[in-house]
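Peer 1: Listed below, chain by chain, are the residues.
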Amino acid sequence: MTNLGAGLILQLVLAAVAMLTALTIAPSLRATVTGSLSALLALAGLTTGALAMTGATGGILIPLALPMDALILAPDRLGGLFMVVVSVVGLLVSIYGIGSATGPATSRTAWAALPIFLLGMQLVPAATDSVSFLLAWEIMTLGSTVLLLADHASRASVASAGIWYSAMSQLSFFLVLAGFAVLAAATGGTSFAAMATIEPGSWAANLAFLLLLLGFGGKAELVPLHVWVPRVLPEAPSHVSAAMSGAMVKIGVYGALLVCLRLLPEAPPWWGILIMLLGGASALYGILQASVSSDLKVLLAYSTTENMGLVFLSLGASVLLRSYDAVAAADAALIAALLLAVSHAVFKATLFLGAGAIIHATGERNLDRLGGLGSRMPWTALSFGIASLGAAAIPVTSGFVAEWMLLQSLIHGGRLNGEVVSVAASVAMPLAVAVVALTAGLALLTFVKAYGIAFLARPRSSAAALAHDVPLLMRFPLLLGALGVLALGLIPGPVAAVVAATVGPQTALAAVPVGLGGVALPGIGAVLDPVMLVVLSALVLIPILIAIIVSARTHPERINALPWGGGGSRARPRMQYTATSYAEPLVRVFDDVLKPSRDVQVTHVGESRYLVERVKIEQTVSDVIETRLYRPVLNLMQRYGIVARYAANGSIHRYLTYSFVAFLIVLIVVSL
Amino acid sequence: MNWSAIVIALVQVVLFVFLAPLLVGVMRQVRARVSGRVGAGIWQPWRDVRKLLRKDPVRAQDSSWMLRAGPVALLVSSLLLCVLLPLVGTVPFSRIPSDLFVIVSVMLIGVVALALVGLDGGTAFGGMGSSRHMTVAALVEPTFLLSIYALSIPAGTSTLSLIVQTRLDTPEIIISPVSVLAIVALAIAIMAETNRLPVDNPGTHLELTMLHEAMVIESSGRDLAWLELGSWLKLAALLGLVANLVIPWGVVTDFSVLALLLGVITIGVKVLLLGVLLAVGEVFLAKIRLFQVPELLAGSFALAFLAVTASYLVA
Numbered sequence: 001m002t003n004l005g006a007g008l009i010l011q012l013v014l015a016a017v018a019m020l021t022a023l024t025i026a027p028s029l030r031a032t033v034t035g036s037l038s039a040l041l042a043l044a045g046l047t048t049g050a051l052a053m054t055g056a057t058g059g060i061l062i063p064l065a066l067p068m069d070a071l072i073l074a075p076d077r078l079g080g081l082f083m084v085v086v087s088v089v090g091l092l093v094s095i096y097g098i099g100s101a102t103g104p105a106t107s108r109t110a111w112a113a114l115p116i117f118l119l120g121m122q123l124v125p126a127a128t129d130s131v132s133f134l135l136a137w138e139i140m141t142l143g144s145t146v147l148l149l150a151d152h153a154s155r156a157s158v159a160s161a162g163i164w165y166s167a168m169s170q171l172s173f174f175l176v177l178a179g180f181a182v183l184a185a186a187t188g189g190t191s192f193a194a195m196a197t198i199e200p201g202s203w204a205a206n207l208a209f210l211l212l213l214l215g216f217g218g219k220a221e222l223v224p225l226h227v228w229v230p231r232v233l234p235e236a237p238s239h240v241s242a243a244m245s246g247a248m249v250k251i252g253v254y255g256a257l258l259v260c261l262r263l264l265p266e267a268p269p270w271w272g273i274l275i276m277l278l279g280g281a282s283a284l285y286g287i288l289q290a291s292v293s294s295d296l297k298v299l300l301a302y303s304t305t306e307n308m309g310l311v312f313l314s315l316g317a318s319v320l321l322r323s324y325d326a327v328a329a330a331d332a333a334l335i336a337a338l339l340l341a342v343s344h345a346v347f348k349a350t351l352f353l354g355a356g357a358i359i360h361a362t363g364e365r366n367l368d369r370l371g372g373l374g375s376r377m378p379w380t381a382l383s384f385g386i387a388s389l390g391a392a393a394i395p396v397t398s399g400f401v402a403e404w405m406l407l408q409s410l411i412h413g414g415r416l417n418g419e420v421v422s423v424a425a426s427v428a429m430p431l432a433v434a435v436v437a438l439t440a441g442l443a444l445l446t447f448v449k450a451y452g453i454a455f456l457a458r459p460r461s462s463a464a465a466l467a468h469d470v471p472l473l474m475r476f477p478l479l480l481g482a483l484g485v486l487a488l489g490l491i492p493g494p495v496a497a498v499v500a501a502t503v504g505p506q507t508a509l510a511a512v513p514v515g516l517g518g519v520a521l522p523g524i525g526a527v528l529d530p531v532m533l534v535v536l537s538a539l540v541l542i543p544i545l546i547a548i549i550v551s552a553r554t555h556p557e558r559i560n561a562l563p564w565g566g567g568g569s570r571a572r573p574r575m576q577y578t579a580t581s582y583a584e585p586l587v588r589v590f591d592d593v594l595k596p597s598r599d600v601q602v603t604h605v606g607e608s609r610y611l612v613e614r615v616k617i618e619q620t621v622s623d624v625i626e627t628r629l630y631r632p633v634l635n636l637m638q639r640y641g642i643v644a645r646y647a648a649n650g651s652i653h654r655y656l657t658y659s660f661v662a663f664l665i666v667l668i669v670v671s672l
Numbered sequence: 001m002n003w004s005a006i007v008i009a010l011v012q013v014v015l016f017v018f019l020a021p022l023l024v025g026v027m028r029q030v031r032a033r034v035s036g037r038v039g040a041g042i043w044q045p046w047r048d049v050r051k052l053l054r055k056d057p058v059r060a061q062d063s064s065w066m067l068r069a070g071p072v073a074l075l076v077s078s079l080l081l082c083v084l085l086p087l088v089g090t091v092p093f094s095r096i097p098s099d100l101f102v103i104v105s106v107m108l109i110g111v112v113a114l115a116l117v118g119l120d121g122g123t124a125f126g127g128m129g130s131s132r133h134m135t136v137a138a139l140v141e142p143t144f145l146l147s148i149y150a151l152s153i154p155a156g157t158s159t160l161s162l163i164v165q166t167r168l169d170t171p172e173i174i175i176s177p178v179s180v181l182a183i184v185a186l187a188i189a190i191m192a193e194t195n196r197l198p199v200d201n202p203g204t205h206l207e208l209t210m211l212h213e214a215m216v217i218e219s220s221g222r223d224l225a226w227l228e229l230g231s232w233l234k235l236a237a238l239l240g241l242v243a244n245l246v247i248p249w250g251v252v253t254d255f256s257v258l259a260l261l262l263g264v265i266t267i268g269v270k271v272l273l274l275g276v277l278l279a280v281g282e283v284f285l286a287k288i289r290l291f292q293v294p295e296l297l298a299g300s301f302a303l304a305f306l307a308v309t310a311s312y313l314v315a
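If you're matching them up, the sequences are chains H and A in order.
Each residue of the first sequence is one higher than the one before, counting from 1 in UniProt numbering.
Each residue of the second sequence is one higher than the one before, counting from 1 in UniProt numbering.
Do not rely on the hints blindly, as some may be mistaken.
[To be verified] Taking beta-carbon pairs under 7 Å as the criterion, some of the chain A residues facing chain H (in silico):
(1) D56
(2) D62
(3) R95
(4) F101
(5) I109
(6) L116
(7) D120
(8) L145
(9) E218
(10) S220
(11) F291
(12) P294
(13) V308
Hints are computed from structural coordinates only; laboratory data are not their basis.
From the three backbone atoms N, C-alpha and C, an ideal C-beta is built for every residue, glycine too.
So that you can see chain A by itself, here it is in the shape it has in the complex:
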């Protein structure tokens, strides 16, 4: 086991635990400002987590251990994403590489945990959110795997670290049509997977429109804190992945303290910039009907499939 990989993984986890609430805070603040409100300030998500940890968790009478374990499982899966994805550096673990199928499966642990938490409350809302959430997750899967598959072809491996590394070494492939198609498809898949607009409205509490909020509606106290933190971490980690695929510069490839510092700063800036862009974009988007989501996802799937076949037949 190489020590540099362990250090980088540790730095990534600590950094993202701090960065993810900040990212969400910045995004909310940008949305508020662009739509003409004052906003709660960029540190509000942090204050929310602190507040939730100081409350008694209230649990439903007939609920099982799932209500307790599910939030923890979601948080662990998100933290594992932060460990395994090439965010600050591209030095992979030797035996658990940041393999795309492993990454997606680790992410699915969180998806399943959240869906089961939604069901365990025993209310119609939880079930509704859970059902919609799983439907979207099932339809996102093909796009997710195919778009990363398309990116893996020039690198000749499915390890995300090595894909980022290849893009750093030969930057011209970043703007190739294949890569652009794949990134667009991946971005749509990530928007759907992290419950952002136009699939789900993260700012809403209107029951009929929600996915994520419907599932966590019966959770409180630290249960809710873990669920929120886990979702934020997942968003931040996946945005970090997209950022590193599009702009790989600044990623640590040769381990040194200076490079590590630079890596931390660049990924922080990249993620926050992408978050601001996303937030501004979301202001001008409306949530689409649930039954139009499959059409959106089918479109993104078509892009990803085009990217894969094009990279076989053109390149």
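Bound conformation, chain H alone:
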């Protein structure tokens, strides 16, 4: 048996053992034992994936009596990369789960579902045929649904989130299944190798592409299939939302890559434009919703839609450019998509774990009631801050390098050897640059708001004032994640080279490491060495530090309640800007897109109308796509359901009449 096969079997065994222990072991030991076993499962997946990335072959084959190709689990290099990504997130989440488990999240079912969820995510990239792919996909969905429902007894909103999640994930499943079915019908095989023989440009290829793109886009939270995101990710326990957002949505990305690189590699230009449109719309819509949200976990959830939008935008650019034979830019865009996915996995998992730490310490996820946590939870503040920098694509983090590469590929994509590639590309590329720039700008605002309001200034509630940092087992994965964000940003060269090698031998030449961890794009002629940037910053910092030290000797700092306080002496914490007020200018600017509803209630003092006792302002920004696209459909279904209730009222006589009428109709039709 090959190493890969052994690794996969080890994963299956570990998952089964972890599930069994969760169901049988005493509650006091459950978190420790099952959590450790889940961490081991993640390590096994990490090893298998890493082996697959180095080019190892092999796997497990399950022959079937049914008339289809045998089930084969054998990850290729790309699959290996995604196994590594989901396993790293799984490892962080498992450790964090041990530390954070309190309340309903420690139940038997919740702990048994975690290894199932992790296993499902690890097996999807290993599948080489559509049947095992869909099986693993459903294992993943099942595990995540059960995990999501852990808190259902304490909050009613969890149940509603569960329904949305189930409905949307089954929609995704159905679309993917239909796409595979079209391919299988056209080629006569259920393995990916057989499906890839489909004739490019045929109607079946186009139809399958559309179905699969929507299916995988739904899993990757793309607009307009993202409606489950702002409900599900905030309601799930924090380590589960970290796993969903950090790892599970990457499976959607993997699916899209599978379609674009393996199944239907010869794409016409309009596929690329379609993917770019979906991605660009998701990026803008996601970040706009995130920037005006005051709920920390909703903010992070929408920001995931944004990041996945950017991934799809770069994937679409790659497909478009490849269809015009602009190979160098296409390869750079593809590597950018992979880097974006990898870096998002690390920083978003860290951010969700950080949000979990805040909830653990304060019980509060509304930014308007937080504040001043920086001095009370220094470790959380540090890791959340670094991960925020990654999400805002500030140097020297992983997010920055990925966006840099994307922008490089976009600005070099419009032309090939000085000639205009095509009119479509020369309009699409500048627009894409604008979308990425606006997204980056809004992401900056979003994460300045998230970090600044939660961790800086003074606490806005007593819960925030009394907060303490989280236990060691929760702190450790947080710090590990933050280190990952920095490491990926400091040595992007080797990372990009490894990632590039997973998509193909040609792409490996598109991004090569230079210098101290820097990256070069030889086909484009762009170089970036973040370590040098750090060295340069350190050099210019030296004189400033000397000046500070000299000045601090004679002029020490003085601590005052408030140096100026707006000229007043009574500066209370509630006079500070809140997250809602922080985003207010943005809400006004994007009024037409966000459609906010505002409610201002003024209570006057009894004696005079001119004196105000209390002003209460409520502002809600609802998801426009949900209210405009999904609500009408749901209302229609509901009305139909009410009508159908009269038809099926439980009376046996009525049902017998239906049968009789149906029978008559059949007889008449047959006799015609």
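Go by the hints and put chain A onto chain H.
Peer 2: Below, chain A alone, put in the same frame as chain H:
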């Protein structure tokens, strides 16, 4: 690593640290004279910095390390701009080229640091300034990147040094419609980014109108000195970039002491001239409402987008 690049970078930093306060002093003096006042003299910003460094920094009780580190981060980001932009010379570092995306990101470090300093004070003013500042910064981004993108197309690279070099070699592209559109868009973006009129009034202390002043209002002593110096440096460096894009002559391309001296003098003159022009223009401008700023920026974005597509389809 090439030595000429290091020497030029060093000269740029030292020059701009001296030039930036002088530029601000000149601009204030011009504004004062044009509007009929005497003014404080062109060396006043320098005296301000010296005065601030000799004071105890007063910090709010609940503030975090951000109040200390933020000003330094802003100053470092501005100094990095002075190192990386092609101001005195166009010899780029081999591994950190003056790539436009790197430049913009380095600038954003300063933007973020300033916004966080504004929030950390824990007053309504700081939060207000910070919120407005980030809104403007987010909306400026697309114009910024697209206008430099438009300039990068004739040069075939996103490295600003090489863009300036190309414009020096083929001066006819400077007055092409594409280039003019892009420069106008870039100038508007820079005005917004550096908190100048008509987006923010740098001379005001009226709370309702301010962006920059609102954020630094709780800072004092050396904290304030770093914040002010950092902002001035950013203004000077970005004006220097525009100056070199419009009038690239005098920039050092082949390293020699004489060329370096000429480069220093020309960039100094160019930046000060542009500053005087800007100051005179600002006297006749009124600050626009905050909620009209997006319209201004949308206009500049349209110009930049036109420039990019035109350079693809026309050139």
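Peer 1: With reference to the structure, classify each hint as holding or not holding.
Peer 2: Each hint, compared with the structure:
| no. | hint | in the structure |
| --- | --- | --- |
| 1 | D56 | holds (5 Å) |
| 2 | D62 | holds (4 Å) |
| 3 | R95 | holds (4 Å) |
| 4 | F101 | holds (5 Å) |
| 5 | I109 | holds (6 Å) |
| 6 | L116 | holds (5 Å) |
| 7 | D120 | holds (4 Å) |
| 8 | L145 | holds (4 Å) |
| 9 | E218 | holds (5 Å) |
| 10 | S220 | holds (6 Å) |
| 11 | F291 | holds (6 Å) |
| 12 | P294 | holds (5 Å) |
| 13 | V308 | holds (4 Å) |
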